[in-house]
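Asks: Chain by chain, the residues run as shown.
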Amino acid sequence: AQKITQTQPGMFVQEKEAVTLDCTYDTSDQSYGLFWYKQPSSGEMIFLIYQGSYDEQNATEGRYSLNFQKARKSANLVISASQLGDSAMYFCAMREPFYNQGGKLIFGQGTELSVKP
Amino acid sequence: GAGVSQSPSNKVTEKGKDVELRCDPISGHTALYWYRQSLGQGLEFLIYFQGNSAPDKSGLPSDRFSAERTGGSVSTLTIQRTQQEDSAVYLCASSPDLRGSYGYTFGSGTRLTVV
Chain A
1 AQKITQTQPG
11 MFVQEKEAVT
21 LDCTYDTSDQ
31 SYGLFWYKQP
41 SSGEMIFLIY
51 QGSYDEQNAT
61 EGRYSLNFQK
71 ARKSANLVIS
81 ASQLGDSAMY
91 FCAMREPFYN
101 QGGKLIFGQG
111 TELSVKP
Chain B
1 GAGVSQSPSN
11 KVTEKGKDVE
21 LRCDPISGHT
31 ALYWYRQSLG
41 QGLEFLIYFQ
51 GNSAPDKSGL
61 PSDRFSAERT
71 GGSVSTLTIQ
81 RTQQEDSAVY
91 LCASSPDLRG
101 SYGYTFGSGT
111 RLTVV
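Residue numbers (our numbering), protein chains in the order written: chain A, 1 to 117; chain B, 1 to 115.
For the record, the hints were derived by calculation from the structure and aren't laboratory data.
Be a bit skeptical, because a hint or two may be false.
Interface residues of chain B toward chain A, partial, derived using beta-carbon atoms under 10 angstroms [to be verified]:
| no. | residue |
| --- | --- |
| 1 | P8 |
| 2 | S9 |
| 3 | K11 |
| 4 | V12 |
| 5 | G42 |
| 6 | Y48 |
| 7 | F49 |
| 8 | Q50 |
| 9 | N52 |
| 10 | D56 |
| 11 | V89 |
| 12 | F106 |
All C-beta atoms, glycine included, are put in the ideal place defined by N, C-alpha and C.
Can you make the complete structure from the sequences, with help from the hints?
Replies: This is the structure we're talking about:
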């Protein structure tokens, strides 16, 4: 069965420093997609970055980059130059194939990031 | 609309009452998903729609839960005879298609409290 594991329940980072949030996944599918979402205390899920399993280059979106290591089945999120507004819960997710529940997302348990001034 | 809209944002209901949660997806998005996030838990998939059709309802936690979608747009999640364990944030997401390559846009959720 597909599974997402986030082993860091909580993390602290100093403002302006970089931080890496870990995510490992398990799947037998060759084609899959990996996502990172941010959930502030207000509750909305904000899409950050996407990596397709066939993408050879690591995805980047502004201060966010995804360190994709396919052989190790890891998809770590790197946030550069942390800001106070980055304090939130971060979820790693994997998309099921479309024929399985319409391509639903499977989520990890999340990592709560706190940015210190 | 510009984003996925969910209503109400908060709902407090008495145990045993029925509730309806509404999701208005982004215009043109054919795929719609419902998730549940319980306190301290990750997100649990409930059901998806392709157009107005929900091909697989096995993710719904019990037969007290039902969902429909009309006109390929608005979806309603109904919980009958609510129980305290139904208390959670219910999130709706939409996507242009089932491939999901364009990402899934989530609404702000409905926080349901059963007292």
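Asks: Against each hint, give a clear statement of whether it holds in the structure.
Replies: Here is how each hint holds up against the structure:
Interface hint status for P8/B: violated, as the beta-carbon distance to the closest one in chain A is roughly 13 angstroms, over 10 angstroms. With a least beta-carbon distance of about 9 angstroms to chain A, the hint placing S9/B at the interface is held under the 10 angstroms criterion. Here the hint on K11/B is broken, as its CB sits about 14 angstroms from the closest CB of chain A, past 10 angstroms. With a least beta-carbon distance of about 16 angstroms to chain A, the hint placing V12/B at the interface is violated under the 10 angstroms criterion.
A least Cβ separation of about 5 angstroms between G42/B and chain A falls short of the 10 angstroms threshold, and the interface hint therefore holds. The closest approach between the C-beta of Y48/B and any C-beta of chain A is roughly 4 angstroms, which is under the 10 angstroms cut-off, so the hint is satisfied. Proximity of F49/B to chain A holds as hinted, the smallest CB-CB distance being about 8 angstroms (cut-off 10 angstroms). This hint holds: Q50/B has a C-beta 6 angstroms from the nearest C-beta of chain A, less than the 10 angstroms allowed.
Below 10 angstroms, beta-carbon pairs count as interface contacts, and N52/B has none with chain A, the closest being about 13 angstroms; its hint is therefore violated. The interface hint given for D56/B holds, since its Cβ lies 6 angstroms from the closest Cβ of chain A, which is under the 10 angstroms cut-off. About 6 angstroms separates the beta-carbon of V89/B from the nearest beta-carbon of chain A, less than 10 angstroms, and the hint is met. For the restraint placing F106/B at the interface with chain A, the shortest Cβ-Cβ distance is roughly 4 angstroms, inside the 10 angstroms limit, so the hint holds.
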